[in-house]
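So you can see what is in the structure, the chains are spelled out below.
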Amino acid sequence: MEIPAVRNVTESYHIRRSSRRIQDKVTIVLFLAPAFILFLAFLVYPILRSVYFSMFDWNGLGPAVDYVGLDNFKDILTDTVFMRAVGNCLLIVVLSLGIQLPLALALAIMVGRDLPGRAFFRLIFFMPYVLSEVITGIIWMGLFNADPSRGLVNALLVLIPGVKPQGFLSDINQVMGVIFVVLTWKFFGLHMLLYLAGLQNIPREIEEAALIDGANRWQLIQNVTIPLLSSTIRTTILLSVLGSLTQFGLVWTMTGGGPVNASEFMATYMYRFAFKRFLLGYGSAVALVMLLICLTFSVAYMRLARQEDYQVSW
Amino acid sequence: MRTLARPLFVLMILATLLAIASCAAPTAPPAPPPQVVQQTVVVPQTVAVPQTVAVPQTVVVPATPAPAKKVEVNWWHISTKDPGLTYWQKLADDYMATHPNVTIKITVLENEAFKTKLTTVMQSGSPPDIFQSWGGGTMVEQAKAGLLKDITANMDDAWKGSFAPGALAVYSYQGKQYGVPWDMGMVGWWYNKDLFAKAGIDKTPTTWTEFLAAVKKLKAAGITPIALGEKDSWTGMHIWSYLATRIGGQAAFEAALNRKGSFADPPFVQAGEKLKELIALDPFQPGYLGATHDEMQATFGNGKAAMELSGQWAPSVESANAADKKGVANLGMFNFPAVEGGAGAVTDVVGGGNGFAIGKNAPPEAIDFAKYLTTASAQSQMASLAMGIPVVKGSEVGLKDPNMVEVQKAFAAAKYFQLYYDQFLPSAVGDAINASVQTIFAGTATPQQAAQAIEDAAKKNMK
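Protein sequence lines, in the order shown, are assigned to chains Y and X.
Following this note's numbering, the numbering of the first sequence begins with 1 at its first residue and continues without gaps.
Following this note's numbering, the numbering of the second sequence begins with 315 at its first residue and continues without gaps.
For reference, chain Y alone in the conformation it holds in the complex:
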């Protein structure tokens, strides 16, 4: 942000001011440098390398020599498997926004205030988030094993008369549902925590005032809590969408994108081409397409939904 220059001042003040200004600039540069260098080395440079490699047919061994221009991008955008991966990512985005976030919000409101033993519930709900994605994946793979003698869920299902064991992760039609359940289990705790933090900042007085005015519980939530939480909600939406678009660890562990691409995500697709087929040029191109999608969303979202925040708190 530019600070408007101050006119009509004495010369000595001017000199003092300009030396001060140089000092300020040095400080700014010094403080920004470490972060900026890391940013360049670990984000900008790899992205530029990806841009370069994305124009080659390259297997990762030796230098890239087989220049193919934009063919990789053309192939990606015409590949039905990639389109399926995009579709799956969007499905998870929609389900997360429609089910996972409201669930997290409801739980946050429940355990945030009056529930007895709320500290216990907070801990329990947040715990899945602390586990690594791989461990989570392996646990749920065990639970959802298709063989009733190995998987707990099926073992319970077969106790119900007339119910057959389900394929779950090995069933093309069920796999996305199972993955969504696991993703929800894993990540709703994070969103709940963010909502809890937001709830702490809603002054009691406002709620009390609303109650005195005769609002019931539901009206209170609708007209006081949710509007005051709106900036937190916007943050969680951003996190949730970006997380869904770039999801990798859990899906790769549980299904590897299978069976037969039924649970392919953009990141698993990229990994398969880059590190299974060793088409690193193609993989780089996929990474760039992902980056573009995420970036477009982030920028558009920041512009549209978050402007208000900047005006209020900055």
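FYI, nobody ran anything at the bench for these hints, they're computed from the structure.
What you are looking at is a predicted structure, and each value in this text was computed from that prediction instead of being measured.
Think of the CB as a built atom: it goes at the ideal place given N, C-alpha and C, for glycine as much as any other residue.
Please note that the accuracy of each hint is not assured.
To be verified - Straight-line Cα separation of at most 20 Å, EDC-like style, residue types lysine to aspartate or glutamate; simulated pairs:
1. X:LYS773 / Y:ASP57
2. Y:LYS74 / X:GLU426
3. X:LYS531 / X:ASP516
4. Y:LYS74 / X:ASP596
5. X:LYS773 / Y:ASP171
6. X:LYS639 / X:ASP396
7. X:LYS774 / Y:ASP171
8. X:LYS777 / Y:ASP147
9. X:LYS774 / Y:ASP147
10. X:LYS774 / Y:ASP66
11. X:LYS774 / Y:ASP75
12. X:LYS707 / X:ASP470
13. Y:LYS276 / X:GLU769
14. X:LYS777 / Y:ASP71
15. X:LYS458 / Y:ASP71
16. Y:LYS276 / X:ASP470
17. Y:LYS276 / X:GLU424
18. Y:LYS276 / X:GLU426
19. Y:LYS164 / X:ASP715
20. X:LYS773 / Y:ASP147
21. X:LYS777 / Y:ASP171
22. X:LYS773 / Y:ASP79
23. X:LYS618 / Y:ASP147
24. X:LYS533 / Y:ASP147
25. X:LYS590 / Y:ASP171
26. X:LYS774 / Y:ASP71
Unchecked claim - Per label pair, the in silico range of CB-to-CB distance:
27. Y:ALA106 / X:THR606: 35 to 45 Å
28. Y:VAL163 / X:ALA637: 20 to 30 Å
29. Y:GLY177 / X:ASP770: 53 to 63 Å
30. X:PRO479 / Y:PRO46: 39 to 49 Å
31. X:ASP770 / Y:PHE120: 54 to 64 Å
32. Y:ARG150 / X:PRO716: 26 to 36 Å
33. X:ALA527 / Y:PRO46: 49 to 59 Å
34. X:ALA527 / Y:PHE126: 34 to 44 Å
35. X:THR434 / Y:ASN216: 34 to 44 Å
36. Y:LEU152 / X:THR521: 38 to 48 Å
37. Y:ILE139 / X:ASP770: 52 to 62 Å
38. X:GLY475 / Y:LEU40: 51 to 61 Å
Got chain Y; can you put chain X on it based on the hints?
The following block gives chain X in isolation, referenced to the frame of chain Y:
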């Protein structure tokens, strides 16, 4: 507003950090968990060999005079379980005992993790000195990129002549040798004799029709006919590649390979159609599309399925994965049945084996150690542990396990030996075959479409 702003600020910083973390994901994907077992050998003499693994103490160690300068040899292998784990350790210990200047650093990695980690070090241009290899297309790509050491000159006639020529050839490219084999075998149908008897099958099938009839009989007896782990798509690919071999024979595959023919030619489409005949009988354990290779071995090893199409490693791996660690009591193997009217013979085999490639920076000691790993006595020990089929002449005597003898006989009888398709071809084509065959299993593509998908990948990546 002030009170609200501060926690919000913290929250937003947190959010930004997380957003950056998630944005960074596309450029740097987290690798799957490498199950690394790092073994650092401290004092070779004190390493105890567990009593369960009987390793004969008759290793002939060539003594080297005069202590030379200290050398470290990095060795990556993939035998994460016994007997292999102890066997390799013992060989390294014995070698270090007689070569005090050499330290052998072993890294044991699980199969899939190995491939991932190897790729990473390959890209940085520093491969391990000795590492697991299956030869074929992947090795050729590594050799072309100059990441492997040409050891042709280091191989004297005695060492070279000790190998079965076919096995050695898998590790050479354009007349240059880049590694050595230690095991070479074949894929076949492993079956549980007790379950076959229970279903009233008194003779192993030799034709596809008989095979399908046997599957029906097993189904009728309430036994799951075949264990399959199609999450690791290569397990099912072998059924298809064998069918293609039986229908089209050597000629069809070589035509496709030389790009004179195509993977969309009739034999490859028919292979898919025959596979569909089998799938239509629903012969696999429930959930096989999501099962791994280990789970397939466990299903078979626990006696829950009558057959599995697997390589020479099947007896040791099915028992290691079985609940009782013993596995199938009455195990047998038969060749993949012939397809009526097909060009391929019932004796043709698809197979492959294990070997060690030598990295480009390997010191001479690494090559000497590779030689030590493939002596007849080491190979004979390996054979006696039923880890695989030895490739060094004179070590077959160590082969005691009747199943291994059976594999070795079938292997020796083959006139046409084909290295696994997914290993022989460049990895881009190999994985396309695996993925396309999987679509036949799931019924999401017709045999024609699957063959065409393979051909598309071949056209692009085999120039």
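Determine whether the Cβ-Cβ distance between ALA527 of chain X and PHE126 of chain Y falls within the hinted range of 34 to 44 Å.
violated, 58 Å
Check whether the Cα positions of LYS773 of chain X and ASP79 of chain Y lie no farther apart than 20 Å.
holds, 16 Å
Pairwise beta carbon distance, THR434 of chain X to ASN216 of chain Y, judged against the given window 34 to 44 Å:
violated, 60 Å
For the pair we were handed, LYS458 of chain X and ASP71 of chain Y, check the Cα-Cα distance against 20 Å.
Given that 20 Å is the threshold and the Cα spacing comes to 24 Å, the pair is violated.
Decide if the proposed pair is consistent with the structure: LYS774 of chain X and ASP171 of chain Y, CA atoms, cutoff 20 Å inclusive.
Outside the cut-off at roughly 31 Å; violated.
Agreement of LYS639 of chain X and ASP396 of chain X with the hint, judged by alpha carbon distance not exceeding 20 Å
Within the cut-off at roughly 11 Å; holds.
Do the beta carbons of ASP770 of chain X and PHE120 of chain Y sit within 54 to 64 Å of each other?
Since the Cβ atoms of ASP770 of chain X and PHE120 of chain Y sit about 57 Å apart, the hinted range of 54 to 64 Å holds.
For the pair supplied as a hint, LYS774 of chain X and ASP75 of chain Y, is the alpha-carbon distance within the 20 Å limit?
With Cα atoms ~11 Å apart, LYS774 of chain X and ASP75 of chain Y stay inside 20 Å; holds.
Given the proposed pairing of LYS276 of chain Y with GLU424 of chain X, does the C-alpha separation stay at or below 20 Å?
holds, 16 Å
CA of LYS774 of chain X to CA of ASP66 of chain Y, is that 20 Å or under?
holds, 12 Å
Straight-line Cα separation of LYS774 of chain X and ASP71 of chain Y no greater than 20 Å?
holds, 12 Å
20 Å Cα cutoff - pair LYS777 of chain X, ASP171 of chain Y
Since the Cα atoms of LYS777 of chain X and ASP171 of chain Y sit roughly 37 Å apart, the hinted pair is violated (cutoff 20 Å).
Violated hints, listed in ascending order, are 2, 4, 5, 7, 8, 9, 15, 16, 19, 20, 21, 29, 34, 35 and 37; each of the other numbered hints is respected by the structure.
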